[in-house]
Amino acid sequence: MTLLETTSAAVISTQSVSRKPRRWGTRLGWSVTIGAILAFLYVPIAVLVLFSFNTSRSLSWPMEGLTLDWYRKLAGNEQLIEAVGNSFYVATCSTILTLVIGVPAALALDRLSFSGKGAFRKLVLLPIALPGIITGISMLILFRMVGFTLSLETVIIGHATALLAVVVTQVYARLQRLPRSYEEASADLGASGLQTFFFVTLPNIRSAVIGAGLLSFTLSFDEIPVTFFLTGRDNTLPMYIWSTMRRGLTPEINAVGALIVAFSAVLIVLSVILMRDKPGAR
Amino acid sequence: MTEIVALKNISKHFGTVIGVDNVSLTVEQGEFVTLLGPSGCGKSTLLRMIGGFEEPTQGGVVISGKDVTHLPPNKRPVNIVFQDYALFPHMSVGKNVGYGLRVGGMRRTEVAERASDALELVGLADRFDAKPHELSGGQRQRVALARAVVRQPKVLLLDEPLSALDANLREAMQVELKRLQRKVGLTFIMVTHDQTEALALSDRVIVMREGRVMQDGTPDVLYDRPSSSYVAGFIGTTNLFQGQVRGETLHALGHQLLVPKGLAPDGSMLTFGFRPEKAEILPLDAAAKGTLPATVTDILYHGNSARIVVDVSGVSLSIDQTIAGARHGSGLPEIGDRVQIAISPDRIMVLADEVAA
Ligand SMILES: Nc1ncnc2c1ncn2[C@@H]1O[C@H](COP(=O)(O)OP(=O)(O)O)[C@@H](O)[C@H]1O
Ligand SMILES: [Mg+2]
Chain A
1 MTLLETTSAA VISTQSVSRK PRRWGTRLGW SVTIGAILAF LYVPIAVLVL FSFNTSRSLS
61 WPMEGLTLDW YRKLAGNEQL IEAVGNSFYV ATCSTILTLV IGVPAALALD RLSFSGKGAF
121 RKLVLLPIAL PGIITGISML ILFRMVGFTL SLETVIIGHA TALLAVVVTQ VYARLQRLPR
181 SYEEASADLG ASGLQTFFFV TLPNIRSAVI GAGLLSFTLS FDEIPVTFFL TGRDNTLPMY
241 IWSTMRRGLT PEINAVGALI VAFSAVLIVL SVILMRDKPG AR
Chain B
1001 MTEIVALKNI SKHFGTVIGV DNVSLTVEQG EFVTLLGPSG CGKSTLLRMI GGFEEPTQGG
1061 VVISGKDVTH LPPNKRPVNI VFQDYALFPH MSVGKNVGYG LRVGGMRRTE VAERASDALE
1121 LVGLADRFDA KPHELSGGQR QRVALARAVV RQPKVLLLDE PLSALDANLR EAMQVELKRL
1181 QRKVGLTFIM VTHDQTEALA LSDRVIVMRE GRVMQDGTPD VLYDRPSSSY VAGFIGTTNL
1241 FQGQVRGETL HALGHQLLVP KGLAPDGSML TFGFRPEKAE ILPLDAAAKG TLPATVTDIL
1301 YHGNSARIVV DVSGVSLSID QTIAGARHGS GLPEIGDRVQ IAISPDRIMV LADEVAA
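Order-wise, the sequence lines are chains A and B. Our numbering puts the first residue of the first sequence at 1, with every later residue one more than the last. Our numbering puts the first residue of the second sequence at 1001, with every later residue one more than the last.
With the rest of the complex left out, here is chain A (with noise of 0.2 Å):
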């Protein structure tokens, strides 16, 4: 997930800089300063990627030659793989979940008026605070309580609790800036509640939804501490990588990682091309 905020915030940092230099003097400064924070973020993942194709065992530089071995083991491993599936399934589920929950609950926050909305919205907000271990061991000790089995669904469960917060605080920001007339010139065209939603409110919360659904995605496909204390049988690929990283780093390691980078490369260009709102659009 940081992968996703960190690029971007790259991305914006190199073009505010990009203004005209007054002295060459500061356009140097500017460069070692870009060049550093740019090191900073990428020197890891570089080596990374490129370890990934190493065909020695051993960490050490200069590499010994090239490989894809590490990919092909990776293909052929079916508990990486299954793992994989898990966290994709769990990511889409609680996105889906917190979603379906934080935009009405955004739009109540918003648009009704009622009493005890103010501490609504805190009790909303909170978990978002809590430590993920405290999210987790409490729904463990609820689910026990109700006696649900541990599975990837309770992990599903847990995931879109702690995302909750995230959707509805983006959206809701997004809802205060959206002038209320829209939705009365809607309803006064003859528009029923759910027409006015999704003809003319969702159209325009578009960007903030998406945003918080790709965000919501990355949190909760790397989520360690809930998923540790909610599954049953079942692993994520984080909870994966991390047993097996007991055993020590392996390359193969290093080619999950790379494809997770290829990954969130895409989740990068999907969420700018989604996310760029059309002209006019607030």
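Quick caveat, the hints were computed from the structure, so don't treat them as lab data. Be aware that a few hints might be false.
[Unchecked claim] Sample of chain A residues facing chain B (criterion: CB under 8 Å; computed from the structure):
| hint | residue |
| --- | --- |
| 1 | Gly132 |
| 2 | Tyr182 |
| 3 | Ala187 |
| 4 | Asp188 |
| 5 | Leu194 |
| 6 | Thr244 |
[As the list claims (entries may be wrong)] Incomplete in silico selection of chain B near chain A, CB under 7 Å:
| hint | residue |
| --- | --- |
| 7 | Thr1057 |
| 8 | Gly1060 |
| 9 | Val1062 |
| 10 | Pro1073 |
| 11 | Phe1082 |
| 12 | Asp1084 |
| 13 | Phe1088 |
| 14 | Ser1092 |
| 15 | Tyr1099 |
| 16 | Gly1104 |
| 17 | Tyr1223 |
We put the beta carbon where it would ideally sit given N, CA and C, even for glycine.
Since chain A is already given, all that's left is putting chain B with the ligands on it; use the hints.
For chain B with the ligands alone, coordinates are given in the frame of chain A:
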């Protein structure tokens, strides 16, 4: 004439704030009625109760003979043009205009047809595919109008429709609005704080203050016979002074003026007023009865007329004099001149200073 909107003793409270206070009024089919008053007097709230965006705390709303007090906006045969136009930014102009028909279940092709007809009406047929943000302020205004009339509502509500436009455009749009209203024969209820706009456009103006109706009348009645100094002061300029009537004489400003018999009850101290153009400035030596001696303190030129400010017994009065083109300036006094002013007796207004019922 048939009554299309009736508000019955309608009030709206926002907690302890009283937005609208026991207002009753009716609007006839095809009328152009304007709610006029300063900011915060409850005009928008009143309009929003007709549109269904606010539910009255008390009283009822009847549209076209049907009680709609508790119906939501989408169940009322009225449409509103918002102050910020509220055009949907993600839809083209044509989609915006057609929106009301589309959500009503009309076929796509017919919607497009009707939408372009409506755009034609406001002279924007060629901007069907443009996005709202590509339009100028005046064009957006017209799209909002087209979108509101396309559903053929019984009443069109307009909340300060011209206030977002600059002065030149505003005047052009006034003409446009009036033309549109005549053309489609629709009932308009407009809200504004601009008295010129209200007088120029409306068949009837309702002057509001602090949630209540101060006066309800045609523009000329409001101008010639304002019922209170509040209305007199809000609409045009009025010279106000205190006085006492005895028979056909008005004792005011330390002098005596002639007034028609029965202008006001004998003997009580009241507020009187006259419009700047209803008085004349005469040289001091001219023999005239019932005039006020005055000193000129200021002269303001307005093209073909001038406003002359005079002092009468310590009260400042404004008088408009036209300047005859050929004899430029010759008819006007100079600052410091001693003059006398004659007010046409039938142009003196009596103003109830209590709030009108
Ligand atoms: N939603 C609201 N909540 C609280 N007070 C309101 C609300 N809407 C209007 N008011 C108050 O009601 C009064 C009338 O407001 P409004 O109808 O908007 O006035 P106008 O349109 O004449 O400027 C004002 O004092 C305003 O502050
Ligand atoms: Mg208003």
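Taking the hints in turn, this is what the structure says about them:
1. Annotation: interface hint on Gly132(A) violated; nearest CB of chain B at approximately 37 Å, more than 8 Å.
2. For Tyr182(A), the shortest C-beta to C-beta distance to chain B is roughly 5 Å, which falls under 8 Å, so the interface hint holds.
3. The beta carbon of Ala187(A) is positioned within 8 Å of a beta carbon in chain B (closest approach about 4 Å), and the interface hint is therefore held.
4. With a cut of 8 Å, the hint placing Asp188(A) at the interface with chain B holds, because the nearest CB-to-CB distance is about 5 Å.
5. A hinted interface residue such as Leu194(A) counts as satisfied when its beta carbon comes closer than 8 Å to some beta carbon of chain B; here the least separation is about 10 Å, so the hint is violated.
6. For the restraint placing Thr244(A) at the interface with chain B, the shortest Cβ-Cβ distance is roughly 48 Å, beyond the 8 Å limit, so the hint is violated.
7. Nearest Cβ of chain A to the Cβ of Thr1057(B): about 16 Å, over the 7 Å cut. The hint is violated.
8. Restraint check, Gly1060(B) versus chain A: the minimum CB separation of about 20 Å is more than 7 Å; hint violated.
9. For Val1062(B), the interface hint is violated, since its Cβ never comes within 7 Å of a Cβ in chain A; the closest pair sits about 19 Å apart.
10. Annotation: Pro1073(B) was flagged as interfacial toward chain A, and the flag holds, the nearest CB pair being 4 Å apart, inside 7 Å.
11. About 5 Å separates the beta-carbon of Phe1082(B) from the nearest beta-carbon of chain A, less than 7 Å, and the hint is met.
12. Taking 7 Å as the C-beta contact cut-off toward chain A, the hint placing Asp1084(B) at the interface holds, the least distance being around 6 Å.
13. The interface hint given for Phe1088(B) holds, since its Cβ lies 6 Å from the closest Cβ of chain A, which is under the 7 Å cut-off.
14. Evaluation of the Ser1092(B) hint against chain A yields a violated restraint, the C-beta minimum of about 10 Å exceeding 7 Å.
15. Interface hint status for Tyr1099(B): upheld, as the beta-carbon distance to the closest one in chain A is roughly 5 Å, under 7 Å.
16. For Gly1104(B), the interface hint holds, since its Cβ comes within 7 Å of a Cβ in chain A; the closest pair sits about 5 Å apart.
17. The criterion of a C-beta within 7 Å of any C-beta in chain A is not met by Tyr1223(B), whose closest approach is roughly 34 Å, and the hint is violated.
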